[in-house]
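> Sequence:
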Amino acid sequence: MSKVALNKPAPDFDLNDYQGNPVNLADFRGQKNVLLVFNRGFV
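Numbering (the numbering used here), first residue to last: 1 to 43.
To be clear, the hints were calculated from the coordinates, so they are not data collected in a lab. For clarity, every value in this text was computed on a predicted model and none was experimentally measured. All the pointers check out, no bait thrown in.
FRET-style restraints, in silico, Cβ to Cβ:
id: 1; residue 1: F38; residue 2: F13; range: 12 to 20 Å
id: 2; residue 1: L6; residue 2: N33; range: 14 to 22 Å
id: 3; residue 1: G41; residue 2: D12; range: 27 to 35 Å
In this text, a Cβ means the ideal position worked out from N, Cα and C, and glycines have one as well.
Sequences are here, hints too, so could you generate the full structure?
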């Protein structure tokens, strides 16, 4: 995986949502979004 550059748009990618539907990052460009990160702790 390549590093993400600061102050640059995130690279486009595709993933499946929790129901298995494809989601593309470009679908959300220009909208307000919330990012949740669940840290597994310091293991």
